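Protein chains in written order, with my numbering: chain A, 1 to 432; chain B, 1 to 339.
Please keep in mind that the hints were generated in silico from the structure rather than gathered at the bench.
Quantities reported herein were computed from a predicted structural model and do not represent experimental measurements.
Note that beta-carbon positions come from the ideal geometry of N, C-alpha and C, so glycine has one too.
Take the hints with a grain of salt, since some may be wrong.
Claimed, not checked - Pulled a few chain A residues facing chain B out of the computed Cβ check, cut under 8 Å:
1) Leu226
2) Leu319
3) Val347
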Amino acid sequence: MSVVDQPVPSGSRPEATVAGQQSGGAPLPLTTLSTRSASRPARQQRQIAGVRREDVLALTGAAASALATTGLLWMVAPFTGIVGFIVVSWCLFVLIYAVLIGFDNNRPTVRDRISAAVVHSLAVVVILVLALIVIYTIFRGAKALAHLNFYTQDMHKTTPLSGLTSGGILYAIVGTLIEVGIAMAIAVPLGLLAAVFLNEVPGRLNRLVRTVVDAMTALPDILAGLFIYATLILIFGLGLCGLAAACALAVTVISIICRAAYVVLRLVPGGLTEASYALGSGHWRTVWHVTLPTARSGLATAVILGAARAIGETSPVLLTAGATFYFNFNPASGPMMSLPLAAYTLVQNPEPNYIARGFGAAVVLLVLVLVLFGIARMIGGRGAGQLTSRQLARRMAASRRDVHRYTGRTVAGQLAASAGGGQADDYGGASA
Amino acid sequence: MAQSGVPSLSPGHAVAVPRKLSNRLGASDLVFRGVARAGGLIVLLLLGLVGTFLFFRASQALHKAGWSFITTQQWNPNGGGFGIAAMMIGTILIALVAAAVAIPLALATALYISEYAPRSIQRALISVVDLMAAVPSVVFGLWGAFLVQWHITSLARWINDWLGWIPLFKVNGVTTHSAQPTATTYSASTFIAGVVVALMITPIASSIMREAFSQAPAGEREGAYALGATRWGMIRTVVLPFGVGAMIGGTMLGLGRALGETIAVVMIISPVFVIQPHILQHGGSSISATIALQYLEATPFAVSALMAAGLALFALTLVVNILAAVVVARSRSGAVSEA
Numbered sequence: 001m002s003v004v005d006q007p008v009p010s011g012s013r014p015e016a017t018v019a020g021q022q023s024g025g026a027p028l029p030l031t032t033l034s035t036r037s038a039s040r041p042a043r044q045q046r047q048i049a050g051v052r053r054e055d056v057l058a059l060t061g062a063a064a065s066a067l068a069t070t071g072l073l074w075m076v077a078p079f080t081g082i083v084g085f086i087v088v089s090w091c092l093f094v095l096i097y098a099v100l101i102g103f104d105n106n107r108p109t110v111r112d113r114i115s116a117a118v119v120h121s122l123a124v125v126v127i128l129v130l131a132l133i134v135i136y137t138i139f140r141g142a143k144a145l146a147h148l149n150f151y152t153q154d155m156h157k158t159t160p161l162s163g164l165t166s167g168g169i170l171y172a173i174v175g176t177l178i179e180v181g182i183a184m185a186i187a188v189p190l191g192l193l194a195a196v197f198l199n200e201v202p203g204r205l206n207r208l209v210r211t212v213v214d215a216m217t218a219l220p221d222i223l224a225g226l227f228i229y230a231t232l233i234l235i236f237g238l239g240l241c242g243l244a245a246a247c248a249l250a251v252t253v254i255s256i257i258c259r260a261a262y263v264v265l266r267l268v269p270g271g272l273t274e275a276s277y278a279l280g281s282g283h284w285r286t287v288w289h290v291t292l293p294t295a296r297s298g299l300a301t302a303v304i305l306g307a308a309r310a311i312g313e314t315s316p317v318l319l320t321a322g323a324t325f326y327f328n329f330n331p332a333s334g335p336m337m338s339l340p341l342a343a344y345t346l347v348q349n350p351e352p353n354y355i356a357r358g359f360g361a362a363v364v365l366l367v368l369v370l371v372l373f374g375i376a377r378m379i380g381g382r383g384a385g386q387l388t389s390r391q392l393a394r395r396m397a398a399s400r401r402d403v404h405r406y407t408g409r410t411v412a413g414q415l416a417a418s419a420g421g422g423q424a425d426d427y428g429g430a431s432a
Numbered sequence: 001m002a003q004s005g006v007p008s009l010s011p012g013h014a015v016a017v018p019r020k021l022s023n024r025l026g027a028s029d030l031v032f033r034g035v036a037r038a039g040g041l042i043v044l045l046l047l048g049l050v051g052t053f054l055f056f057r058a059s060q061a062l063h064k065a066g067w068s069f070i071t072t073q074q075w076n077p078n079g080g081g082f083g084i085a086a087m088m089i090g091t092i093l094i095a096l097v098a099a100a101v102a103i104p105l106a107l108a109t110a111l112y113i114s115e116y117a118p119r120s121i122q123r124a125l126i127s128v129v130d131l132m133a134a135v136p137s138v139v140f141g142l143w144g145a146f147l148v149q150w151h152i153t154s155l156a157r158w159i160n161d162w163l164g165w166i167p168l169f170k171v172n173g174v175t176t177h178s179a180q181p182t183a184t185t186y187s188a189s190t191f192i193a194g195v196v197v198a199l200m201i202t203p204i205a206s207s208i209m210r211e212a213f214s215q216a217p218a219g220e221r222e223g224a225y226a227l228g229a230t231r232w233g234m235i236r237t238v239v240l241p242f243g244v245g246a247m248i249g250g251t252m253l254g255l256g257r258a259l260g261e262t263i264a265v266v267m268i269i270s271p272v273f274v275i276q277p278h279i280l281q282h283g284g285s286s287i288s289a290t291i292a293l294q295y296l297e298a299t300p301f302a303v304s305a306l307m308a309a310g311l312a313l314f315a316l317t318l319v320v321n322i323l324a325a326v327v328v329a330r331s332r333s334g335a336v337s338e339a
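I would like the entire structure built from these sequences, with the hints used as guidance.
See below:
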């Protein structure tokens, strides 16, 4: 500030100013204010939000000059390749941008701008890569996806030279659904039960189970497949089949589901369960009526993400299911194809039509995972205990019914008490 | 529960007798505990069985090979010697390349989402990154083998041209700065497999980092701004020190995943069974890829040899994951759960 304050004996500044002006030619003014010289321009307030013109100019200038320089390099020097072009021009961009910012800013500002530019561009790279993966897969599979028979047939009549109008992957979709269905039928009850056990029943066994479950989440997928291959197939002679694949998938996801569910259950507020105990309900009633309903959305998310993982797992299935070109609805015998395995197997064939079908299978797989993921997001976006409007309405209707019942009961109870009747017997029977 | 009622006060009962408390469980609670314990036990047995069976079968092969299992490079369980030296080094190299690429990407994505992104798109971005973690590995493999492989070879050649004097980036049998297209020399390499795996582990590491960054205390953030810090100054002095545990833990969790990745690596790499320290050169090896490629033709003894290799991999991922869990757990306050 340009105002020079001298000690003000009394009063605040406006008064002092007025006093100074009034006392005009008095020998000793109480306060002296430096007057702003007329030549000095009025100060503009610094803009602290929004986009400034200099920033935009520096950014576009740096980008343009980096692109131009790299283009020149690519023309005169023996550089080739699109990836190299992007990398080099990005490095140049950062360099030039730093110099441009450095012209009229101090060091901390330069560092701030450069790090912001780096963070933004790397984040954009990650998002772009995801988009590229999805778009490229669809692009390569589009030719196969355009034919209706792709969704209705299996591949047994398809020869390497037949066109895309024959052959489909419905059999792989069916196989995936059967395998994942069986795997989830094994893994979900066990995983959730084990999670409830970990959360509710303390003891030495608890610690052991938790250690083992944590350790097994580190198990490489392929080892689950190798385990099933060595036991069910080599020792028990089951043969490559859907059931073996389902078991391998179950071994893979059981620890994942268990751990995710355990984490969700642990997030149920202690106050809720303690309130339930304080009202006199037992352990089982508390778990069934308080803990599990509170964590319902999180548990659903754990299960659905486990299913998404199981659908996309390739390596356990590769070892245990066996590739085939035929429909197979019986999981207990004969090889059974699944979507990731179909994608993997079909692209091994050098024939372009097979590769297109492989990418088509990958697209269907992506769509399945995306749908499951979307459902998980819809259910699991809320924290423990937060309800949708419909759930809230149902809950309110239930408690209204309870109020009616209780008022009815007190009247009835008073009548019954005079007759020596006992207590009503359905405490805790009211389920939400 | 509520077994004991309030003791009725008979007239003339002057002294209050302490109520007798019992914590005997009701029938339903006993059944519940029994069922829960049984569930835990089944899971324990099942997972324990996997571990012990692998260990048991692997020990046959380990017995025969002895210490040479660690030092031998070739993989010939039926004839000559076999060992994991080449595969283990290949696996670790792939994981290290993946980590080197994934750490900056994951860190920047996490920082962008938690610090730079406008509030309106923050949730959408979180979903996108989580979705990326759910993309099946075979899709990454297709993408890597059919697209990335042929575009990244020029970058690999460029690295070899200018940084070839570093032993890691050396490629045998090519003249540097030659304009000839030498795509096959640089294809199917450890480097390409590592890059593809990096993109698979980026979202995993990123979501752990983001979670920690977004929990950095608001008071300290505002304190940094009040002292005149730029946004980067605030991030460097408040957010990054707060999230350093999650940064290490998230990276190691991703590393554990990268070590065990199978399909994406199988689809890219072309297996060789010698130690291949030149990451840009054609050919490499990884334990999980070897299992996937060799199980079908394997004799029972070769299967147990594969299991021994798998067990070594499991031991490695286990150590990495445990370290990650310890680091992540230490970085959190733990008071979050009891709201």
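Going through the hints against the structure:
no.	hint	verdict
1	Leu226	holds (6 Å)
2	Leu319	holds (6 Å)
3	Val347	holds (6 Å)
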